[in-house]
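We have chain A already, so just place chain B on it with the hints.
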Amino acid sequence: MVSVLNTVDTGHEDMIHDAQMDYYGVRLATCSSDKTVKIFDIKNGGQILAAELRGHEGPVWQLAWAHPMYGNILASCSYDRKVIIWKETNGQWDRLYEYANHDSSVNSVCWAPHEFGLMLVCGSSDGAVSIISSTADGQWDTKKINNAHTIGCNAVSWCPAVAAGSLVDQPSSQRPQQTRRFVTGGCDNLVKIWREEDGQWKEEQKLEAHSDWVRDVAWAPSIGLPTQTIASCSQDGRVIIWKSEDGTSWTSKVLNKFPDVVWHVSWSITGNILAVSGGDNKVSLWKESLEGQWVCVSDVNKGQGQTIAPAEPQKPEQ
Amino acid sequence: MVTFCGSFSKMAARWSSENVVAEYRDLQATAMAVDCTGSHALLAGRKHFALVKLDNQQPELQKKSVRQSKWEVSAVQWCPHASNGDFFVAASNQTAEVYSFQDSQLKTRSVLKGHTRVISDVDWSMSDANTMATCSVDTYIYLWDIRDPRKPSLAYNAVAGASQVKWNKVNSYLLATTHEGDIRVWDQRKGSTPVQYIAAHLSKVHGLDWDPTSEHLMASSSQDCTVKFWDVTNPKRATSMLKSGAPVWRARYTPFGHGLITVMVPQLRRGENSLLLWNTDNLTSPIHTFVGHTDVVLEFQWRKQNEDNADYQLVTWSKDQSLRIWKIDPQLQRLCGHTDLQDSTEMETDSMSETSSTRNSIIEQIMGGVTSDSLDSPQKSKDDLMGQPETLQQEFLLVNIPIPNIQISDTDMIKRCCTVYAVCGNHEVKVVVTFPPQYPNNAAPSFQFIRPTSITDALQTTLLKNLRETSLQYVRRNHGCLDACIRQMVNTLDNIPLTEDSSPVRQTPFPLQSMESLVNPPLMSIPTYGTYQDLNVPFPRTSGARFCGVDKLVYFTRPIALRQSTCTAEPYKLVYFTRPSTIRQSSITTEQTPRSLSALSAYMGLHPMNMMKSSSQSSISRIYAGESVPVAPLSNFYFKEKKSRRSGKNRERDLNVSSKVPHAGPVLIQDVSCLLPVHQKLAETYILDPNNIPSMCTRNAAAANQVGRKDLVQVWSLAVLALSADLAPSSSPDLECPWAQHPFGRRLLQTLLEHYSKLCDVQTLAMLCCAYGAPTVHPEGRGLLKSSSNSSFQSNSLRSGSSMTSRKSSGNMYGSPGTYDTDTFVTSGWTIGTRESGGMRRSVSWTETSSPDDYQYREYVDPRERERELHDSEKQLLDPGCTLLYDEFKKAYGEILYRWGLKDKRADVLKYMSVPPEAHKGIEFGTKCVHCHKDVRGPQCASCRGYGFQCAICHIAVKGSSNFCLACGHGGHSRHMQEWFQNYDICPTGCGCNCPEENQVLESL
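These protein sequence lines are chains A and B, in that order. Heads up: the first sequence begins at 1 in UniProt numbering, then just goes up one per residue. Heads up: the second sequence begins at 1 in UniProt numbering, then just goes up one per residue.
The following block holds chain B by itself, in its conformation from the complex:
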């Protein structure tokens, strides 16, 4: 049962601070969240979700819901928007689940699945109640719309696992994530790469928080015992740093003033379990310590402040299983730089007055007596003067910048001056700042460099200019400027390029390049290889296999030596070994090859540019070889360790191998023809002979027998029988049912084709289609070759328009004489068959569905002719409806034959195409306008209006019937050509082509 001991106790703290304590031991909660109204807290553990009503007197356990899971809840958060105020998200293992508490019933709203590893953090958008972000050790950051839980609405990828994700509190597009020691800032509007990348800490960043009022400021807490404050626009350097004695688990801004709450990671249970409250303007010591928890504070959140209550309340949940509520009274708030409570809105709108008021509060605390006047004189108008240090002395005292290397000395109130001394790299800067008597009322101080300032004159000028500008900005508004000026100076000095450090600047008074480099900071040359910019560049393939030609497989792998020295995927581990903490977390991913190229940067340590600079160094090889580790000491360590685990013999071999590792493995070309359904040998021996079908089939059967294709022997033997001349259909539809309609006819063939389709045996498919079909004769093509009166300029439309009639007659005119009625086979050409089947299939509706033009002429076909056509299609063995499909088989097989170099065989097959093969178009393509060199499709060039082709004899543009040589492309009017070739054998243009002979060769194909 619930043990509940809500006690009310006075804290034994440095300042008195009441708190409320409630213990819930049986919940074993690991996460806690306070809802947006501040009325409830949710405790989530492996077994339960518990809703606790927060009460100033006694928290009350309102609802306990059993949750049976073997996974702990890693993060839980309430929706911060009142519209979805009863929604909360709980992440456990790889899923995030959205629940709602409605009428004290727990309901599952959506389950967000997408991550492949444990979700480390969730954060609900500050601007949209339906949007949230999750991050995981699987290196992904997903944005979700909870209404569409199927997949993330946006995905970002980082190479390292993410531990925190936080939306910016001001700009709804920005979010920040932490990855080990780094912080990445993402902008939803700007693609999938981070807009900012901060190498923040030396160790893992545990916590991250955006400033509640400023878009650019954030605080990060880390294992390296520091909290750093960042301006994300300047990722190179933290604006300030808080040093803590122990690793910092969380650091979060207070909702008031300039406060910050931190929680430590206790070391071996001896550490502080207390929460510390800091003022970010003074990071030397905390303002307040919240003492009470006896174990690690797991979570702390702010309760929304009641309007009638001036106190802010902090709700904490600790491993000691107690929930505590701490009150932050106005006194404490003031210590954090909070202005008076009534003008909180003003504070947010005017950051200027806020900062100044901050100062005032500090003065109150730090300077005590000096500022007691201001506290004791409430009649003073607050907004103007209260924020301002009254005197220069106050300002001096206030300049408390925790920036190392900056020193303020010789503050002299009488002379109204001070000395600022800064050290930056090799440089020293000492500036005397003198304040005029009117200061800060529109009177800027003057700056003067004194010895031992070592920066160049040019730099001094720049610095001076910056300082003047900054100071003027402030004094115009009657504000003190010393603080700002010092920060400006530090910034400027920080921007001095590092390269200068090594150069002996002190000796050279006017080093020109330093000024240049200041103006143009050295840009990274574009291709930086293996840096974070390569996050989304896939990790290079170092092995691969590709089918080439018909039956070759080309493949390459990493050099054998590398493979052996590094076993399977071990080399990749390198990538992770520079960061030991990742290994523990992601032992699964380390087994895998990295995804992105940026993984190389981790390996290459401090020299991501190596790759691009020297061609001799091969970093990809190195990642596999792993021996010549350049810098990263941890990887070195790893390799020592790895070697010591091995036997001495192996180690020697490894070392030998590493001394001369070939950088590229061989490329192998393999013959995989045995795996393919097509055979080159078969292709060579197969024949197509429309004049003697049975003998052709017999010979093909023998060919199949030779290569051991027993199945094909049977297929061809069957073909001998099925194509027997005795079975040739009669031309009259009235006599008998054609053989094709017999089960051994078309149906048998179709079964065969289906079978070989499944096997992808395009060779057999095409050959069967040819054998059971017949070569198509194209009258226009034939005419062309025969130099008859046929214009090669005939357009496609003309051709197809006239083809109907000419095709029909072609059967009779060009049908090859055979032992059987070839007519049937010849008319199996595409036109009739296709149309017929089209009509048959659409038995009723074909006239409506088809284009009228297409079928127009059929309207007045008399019934007998129609019956005959029907018969024509029925008597074919090949289904006329599939003619185009069969053509594709032939085409595909022709392509393979071409690759084998069997061009004759290819031509044989393509003769059986029902549609004229592409090659015939060559004649049409061939004409190029002599004037503008564009392809001409008709007699006239479309672009220059010149006539495309001139007769080789009369040099007049050819419009009518013409003839061309297929070999040299010359020609002209048919009549002229005929006359010429009666007397001569060579081309009239004098190109040397023996046109009649060449064309005969082509024709004989």
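This is chain A alone, in the form it adopts within the complex:
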């Protein structure tokens, strides 16, 4: 079944807050409360520290690798209210851009689908969401949605570059217009979907179901099907799956209610498995059956030589 390929001892001096591999799965980036970002070469099960990025003045919360067509680019966000975009040139990692236009901790960063260019969205505890995009001449263009979430924005995730629901009925030969969308979650217990319209970002949807802070949102990758899926998780212990056929009306379904806060949700590349992790230090994988029920398929903590009962697959509330 599920096997551990590699165990990387990061040597961070404090708690790790995020770990991500690059597009090809040959490098691992980690970030920690010790204010550093570390990049490891993990080819063939090895672990070589390739770089240690210092520059943040506070705990680093989240990372994001850009698509390799733009080079080796990594974005990091921190408690120090900054977003730093790092780039590797000839094996040397340097700061490519630093964005410091938030008034509070920046909690989440996410690169747009590569079709949209080098574009990053970040969510901050000051309630604002920033969209940073690279222009052709190496400049950076920034847009800010103020008060996107009252109290604060905790998570951002891009919609894949497929026009929702328009694939089948396209009447003419033109490629469907690719709408740019992303989803955010915040301390107002809301999940919001934003859409770009004439260069302006507008709130398209407001999804209400959580009863406490939304801690993470994840837009499922597309394999081409017209259904759009978003997963959100919250302090209230619920993981909710949002689905939409047409991109405008969304239905929610509670995947499970966990006993503790759920911090993170992540979709597999085929969009049918969801990894859920939270305050109870457990990770569980969930899969939708053909009947539309979500079932816990695996508890990956087994790999650590520690047996934890599977995260009791209670019957979903709805």
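Take every hint as true, because none was put in to throw you off.
Below, a sample of chain B positions facing chain A; criterion: calculated Cβ distance under 7 Å: (1) Asn157; (2) Ser543; (3) Gly544; (4) Ala545; (5) Arg546; (6) Cys548; (7) Val550; (8) Lys552; (9) Phe556; (10) Arg558; (11) Thr593; (12) Lys758; (13) Phe889.
It is worth saying that the hints were derived from the structure and are not from the lab. Everything numeric in this text was worked out from a predicted model, so none of it was measured. The beta-carbon is built from N, C-alpha and C at its ideal position, and this holds for glycine as well.
Only chain B this time, still in chain A's reference frame:
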């Protein structure tokens, strides 16, 4: 039944005060409220709502409504606005319900649900009849519009549970809440973080009340046996403090004068159940005691005063189940500093005269004989002189500031001077204040520092300046200034930075830094970690899992050691253990991981800055490890307790663990490919061979068998049959119904695709789409590679414009020779199929709905051709209407192949895309203006107007047909290129690229 014993009795109080008593024993009411007209009181309990008509003679139970609930009513309040005067809100457990009494019928108006724990307080806005605030132990404060009860209109979050919420009585935007010992002030206009944060009391704050006339003043009562008065603009220090012998349950300002009513929390039923009336200017002893209740006073509220009645009335409800009405006569009002009754409006508008009149009243009471003149001489004009102390002596006596460390001595009426002595930290200040004879008529006193004043000269100068300014402000208006000056002095001294205390200031006469720090108070360096500013910063994730690549799962958790030593969620309890009273209230939340980062501050106790200062100390680790507790003694206590509960063996292990706790756990990378519907092995062995479809399907079936995908073996076996050459449709529409229309044709395929869509098996989806389709050949792309005369500068619009005709011919021209009629498969390209289906679906209306340009040419298609096109689309196995969807499958699968590093396989799949893959655009992107380095889309650079590309041979800008090497990007006029490559193999620019060979490699793909 209702036992009713309205008695009318004389109070055995210190002063006579009539009251009305009514008992309602069966109501078991826990909350009481008086409505805005003062005519009714509402008693609310678990079982009943009762409306009592307040009457000066006898309260009368007017209406009793049964309310069956297992929850007590925690708070009830009438709407203070006449427009909604019959509305009241009652909070019980997690909901607040708005009711109205209309025609003596109780009606539910709205139910406000949102809190997840018990609502502790409700408060109706002073400015808006439809707005109210609720607060709860769930740490939220919600503002509601009662017309839209679905969700709060505004939400504030505090880390600690809230016990009181009170709107400011002057500024409609402000509201204050209490959280344990703290007070937070929120401004609706200023975001979701508190505008002020007051660490008010050492123990829980029970009650809070804003001053009815001043925007900035409030009083808080606490378990720590004090009532503190605050100016919220100066949260560091209370302006004054009332010390009570017992914990104070409520303290509220009187609507008149400077009075304050307090209620104690009785200790073990032995305490005072009385209400005390104070004058806030003299907090040493109460003015009046309302004796009567035999048990705790649960609630007291003021009745609106009748115009014909000079008395204020206080309505109280006690646990002894009696309702009492107390009259506050003018005599008592005067004691509270209330001016005469006729000018109450004036009092509110002119705070100055109010304060002065307050003084006057005190004089009346305290100084008796001295001021009897003023009382006995009503001919004196009131507004001017009555508020003023007549003499300096009066003023001296009036200076009664309950500020510790301040002492006024040596008051000398003859020399007209006094000495003020203040102690503040290490500093002593002694000032002689001398009053000129004209004082206070526009003549300010002089101030002189005398020994043992220990503050620096610089500070003395500042202080002196402040004192002069303050005194001048007052004497200009002929007011006494001593009181104000002393307060000013205390404020200034309070602002001396604490750091100075430790430095030996007394020895150094001119410590420069002290002055600097006075001017620039030390700012907190920006990132303060875990303080109240982090209220809205989410608590950090310390574990997480993320899918990466195709089939990897990266996850990290807290170090195992930490996990073991702290069990499941126990470490978080730490956060709450610094405040024991919370535990009792919120035993549920303690089980949960905190929500906000500010929870760390409670844990880190007095050192919220630790985190930022030293990198070696890792506070997040510490919160989990919980062993190296730095300061908070209570957490230490908790840990001792926790350990003693454990077995000795465990304890040893815990201690061992704590000595070397790794700060970060390992990051694990797991292979989860077994869970995914896509297989790398399959991807490697799958083949696409448009020249021999049956053998391709057979081989793919074998590949599926190898990885154990039995279902796919069947799918490919079916494909062998369905794609048999015998079934190839004839090109004529007249012969027979095409195979695709057979149930085993398109419908079977569609069912298969639907099934694998549900499984998200993009691999099978894409492969089926490829197998049942055919690679599309793009004439322009081919032309480019073949170095024929095709301009790479051809714009997109040009291409699509010409594609219609060229595509049609392409079927015949480039169709690969096969065992069956490939024509059909090749023409399954997007153009015809899509259009056809579009037309079919919109059978009648397509001409109107579609853009005219799109279909224009179809208008003059003769019927035979139309029939043929229809046939062309019908004979395809893949539904032409879904071509774009199938393209997406291929694209998504191509992406996965790319991540696996199977670039050849990806290219194979993408050849089947109906729309040219993005990669072809590369040629167009590739041209960059040599002058301004911008991407050029045409022959001419849009920004600098220079020609984008120069021929490598003649160095003239290329406008017409051209050729480029795909590898090095060099090229030029087609004719020049052709000539060059007849003789040479390498690029004319000398870049070393072997262009013909490179392009052959690319072409062979």
